[in-house]
Amino acid sequence: MRKRNVKPSQKTNQNDSVQYEKAARAKETQILAYSIPAAIVLTSLLVFYLTNYGNSIFILEKSNLQNASLPNAYDPNAWGSYRPHVYFGLKTRKPASPLVGLVWYRQTLGSVDRFRHGCRQEDGIKYMWHDSDGETFGHQRVIDNELSFETNWLGFKHSFASEIKLHPISQRIPNAKYTFVFYFYLENEADTLFPEVGSDGHVKGYIGNIDGIGKYRIRFESKNPVTSEASFKVPPTFNLVSITDVVQGITDVNEEGTFFINQAKLGQNLENSDSRQLLFVQFTVEENAVIRMHFEGNEEQLEGNFEDVFNKKLGSFRKTFDEKYELKQTNYPANYETMGRAALSNMLGSIGYWYGYSEVDSGDSVKPYGPLSLLSGVPSRPFFPRGFLWDEGFHNLLIKNFNPSLTLNILSSWLDSMTSTGWIPREMILDPEARSKVPAEFITQHPDVANPPMFFYVIESLMRSTDFMTQHSQKLVQFYPRLKQFYLWLKETQKGPKKGTFRWRGRNGTTDLELNPKTLPSGLDDFPRASHPTNDEYHLDLLCWMALSSRVLRQIAEYASDTAFMPEIEEDMELFNSIENLNKHHWSESKQRYFDYGLHSENVALKEIRFQDKNGQIHVIKKRDVKSPPKLQLVENVYGYLNLFPFLLRLLHPTSDKLGIILKDLKKEELWTPFGLRSTSSKSPYYMRYNTQHDGPYWRGPIWINMNYLALASLKHYSSSGPHSELARSLYSELRQNVITNIATQYESTGHFWEHYNDKSGKGAGSHPFTGWTALVLNIMAEKYD
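Numbering-wise, the sequence shown is residues 262 to 1047 according to the working numbering.
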């Protein structure tokens, strides 16, 4: 689940104003017309809150179970590109890490524009890690209009070296110069930073001491001289969210019209013996320049010059990539191989590290929960640069094939965020930089709301590998207590009204402003469910997730020798995986498909309501019009990804007649397109329909690669045996080709991976560049599913 940040806008219709002026002659009527819509909204929100959260008080304390993380699993003082929300940034994996980053802008004739720092879609910049292992090096290309450059970096022990390498300017702008500002920030007040002054009295670098690293030295290397630099103290409340404002505030212009950082504007008269916390070093260049920053901890230095060491690392990474994915042995064009490597690198290079507190609704107030530390991939650097629980499962289907140890570190990081009850925050927003990218209304997490337990799918995939189990089976035993607690929390808090059923919590049963109230916890957001949410409904996908989770946990329980739990988990596994239970609650004989169940009307629409405010302006809101009364029933007028879950999570036996029905349905034009499977049937009344006045279709037609991946993995599975194997094999081959070809076409034309793809044209849509599950195209190309 990733909530889109939609900014409402008011609509007016002056053509209808006369009609509504007549209806609102009295002042009382005008006031009523103005206040009722607001009251409706506020009342709906209040009732929804009280219904879902107001009656429960949650104890927010971290679990005291054995940590999933091992103490020496990684070096917390090793540098990495763990700041995905900025175009280029480095930090270590420890609280209050030093931070390194880059700001750049263009100068022309005494003016500056386009300060760049944090990733933003509206900047129109093309940027992507084309080579990165996520831990020790990265190669990123950046195209900012006419400006093109690379950001390269190498990590070694507790040190790093980074490089900005400019390419020739594509379309020269008269008198244009380009300014790059490196910054270095010490968040920990105990760490120190001093100028290193040479015998000639000039600053030749910076030195200091950092907790965990020890003594260090910073130096810069460039054919272009340093234009200017500044270092200063900052107040305790300072954070880097405002870094571009700081750069602008201390930038000045000289007589030649060139902008520089003016130390005097800081108003701090520091001696060389005074420690600082924030350093800026500026270079102003034209083209073909190379700028390097070296951070040398404990006198560690690169073993050779940067270019040689970097190229050796790059070659080693590409060799490993070729060995693991073997794309050269396929018939793909060379650009497909490049795309596949970029898909992996983009995900690995965008892994972030955060430390801080999550804001959680405890039932009576919002309270900080933590402290928590998180290592996680991110779906999108400009739009979703933070951890999402179910997304991270998909991310690690890719990461595990390249570096299973990194996957284990990521999963353990998430598991260690668990509360004593077993809840894991589905969205991690832990520090000021992360919060700056999220609208305030989306920051608070609710500890009775779940997310799909995709981690069990990843772990099942890992357990199918003999090599993995030989090396890491004890790590799963380390995970087991927390996986068990997470499972038990899901089983208890998301249970349905009948034995063997489950219900996602968090739907709004009181609103009339949504065509079909969203189910954000499911990850499928606005995919249509029962039109009138009640406690009587139960959800097909959640039952399938619990079936998967129970069978995986049963296996790990055996490894962990948890004999006391075995009777309970075996009973769960038998019930949740029972085809009789599945068919009893979710199968429609008349429609020959699986469905959700709930209070549902098959005839609803958004209807415009016009009203006049006190200033005489006409406004429009849209409310749901229920044209036929809802009744408890299977939700049979909705078909899409949701209905495929018994197939996607492999609950069906290869000989199942219902599997054959699902496979035959797949090829129908309802879901099948030349670009992949669309999310909602083109024949559904919800297909491409807005859910609110401003909330456009999200999972109501677009093609999502994570679900196409699950479909392909299952088709591959079912193609090996059974009466439907030939059909599964044929569908697999065609769907795989469609998905790969379209992603490659869009990547070639736009330079981006996309959040989802248009089901009519195949064009990329949504957030971009997308660093999340669309990268699974590499697994699809290499046919690495399990």
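These aren't lab readings, by the way, just hints derived from the structure by calculation. Take the hints with a grain of salt, since some may be wrong.
[Stated by the list, open to error] Calculated pairs, DMTMM-like style, for lysine to aspartate or glutamate (alpha carbon to alpha carbon, straight line, at most 20 Å):
| # | residue 1 | residue 2 |
| --- | --- | --- |
| 1 | K355 | E448 |
| 2 | K892 | E831 |
| 3 | K1024 | D452 |
| 4 | K355 | E457 |
[Unchecked claim] Simulated DEER-style distance windows between Cβ atoms:
| # | residue 1 | residue 2 | range |
| --- | --- | --- | --- |
| 5 | Q529 | H955 | 25 to 33 Å |
| 6 | P632 | K387 | 31 to 39 Å |
| 7 | N485 | P693 | 49 to 57 Å |
| 8 | P693 | E322 | 20 to 28 Å |
| 9 | F703 | N566 | 40 to 48 Å |
| 10 | Q590 | F826 | 43 to 51 Å |
| 11 | G459 | E322 | 51 to 59 Å |
| 12 | V464 | R766 | 52 to 60 Å |
Note that the structure is predicted; figures quoted are calculated from it, not measured. Idealized CB from N, CA, C, for every residue including glycine.
Starting from K892, check that the Cα of E831 is at most 20 Å away, please.
Roughly 35 Å between the alpha carbons, so the hint for K892 and E831 is violated.
Taking 20 Å as the top limit, are the C-alpha atoms of K1024 and D452 close enough?
49 Å, violated
Do N485 and P693 keep their Cβ atoms within the hinted range of 49 to 57 Å?
Violated, since N485 and P693 (Cβ atoms, about 33 Å apart) do not stay within the stated range.
Range hint 40 to 48 Å: satisfied by the CB atoms of F703 and N566?
At roughly 47 Å between Cβ atoms, N566 and F703 fall inside 40 to 48 Å, so the hint holds.
Below or equal to 20 Å on CA atoms is what counts here, so check K355 against E448.
Cα-Cα ~11 Å, so holds.
Per the hint of 43 to 51 Å, is the separation of the Cβ atoms of Q590 and F826 within bounds?
45 Å, holds
For the range 51 to 59 Å, tell me whether the beta carbons of G459 and E322 fit it or not.
About 54 Å separates the Cβ atoms of G459 and E322, which means 51 to 59 Å holds.
If you draw a straight line from the CA of K355 to the CA of E457, is it 20 Å or shorter?
Distance of about 26 Å is beyond 20 Å: violated.
Looking only at beta-carbon atoms, does the pair P693, E322 fall within the given range of 20 to 28 Å?
Given a distance of about 24 Å, which is inside 20 to 28 Å, the answer is holds.
Is 31 to 39 Å right for how far apart the beta carbons of P632 and K387 are?
The hint (31 to 39 Å, Cβ to Cβ) holds, given that P632 and K387 are roughly 36 Å apart.
Range hint 52 to 60 Å (beta carbons of V464 and R766) holds or violated:
This hint holds: roughly 58 Å between Cβ atoms.
Starting from the range 25 to 33 Å, see whether the pair Q529 and H955 falls in it by beta-carbon distance.
47 Å, violated
Of the hints listed earlier, those the structure fails to meet are numbers 2, 3, 4, 5 and 7, in rising order.
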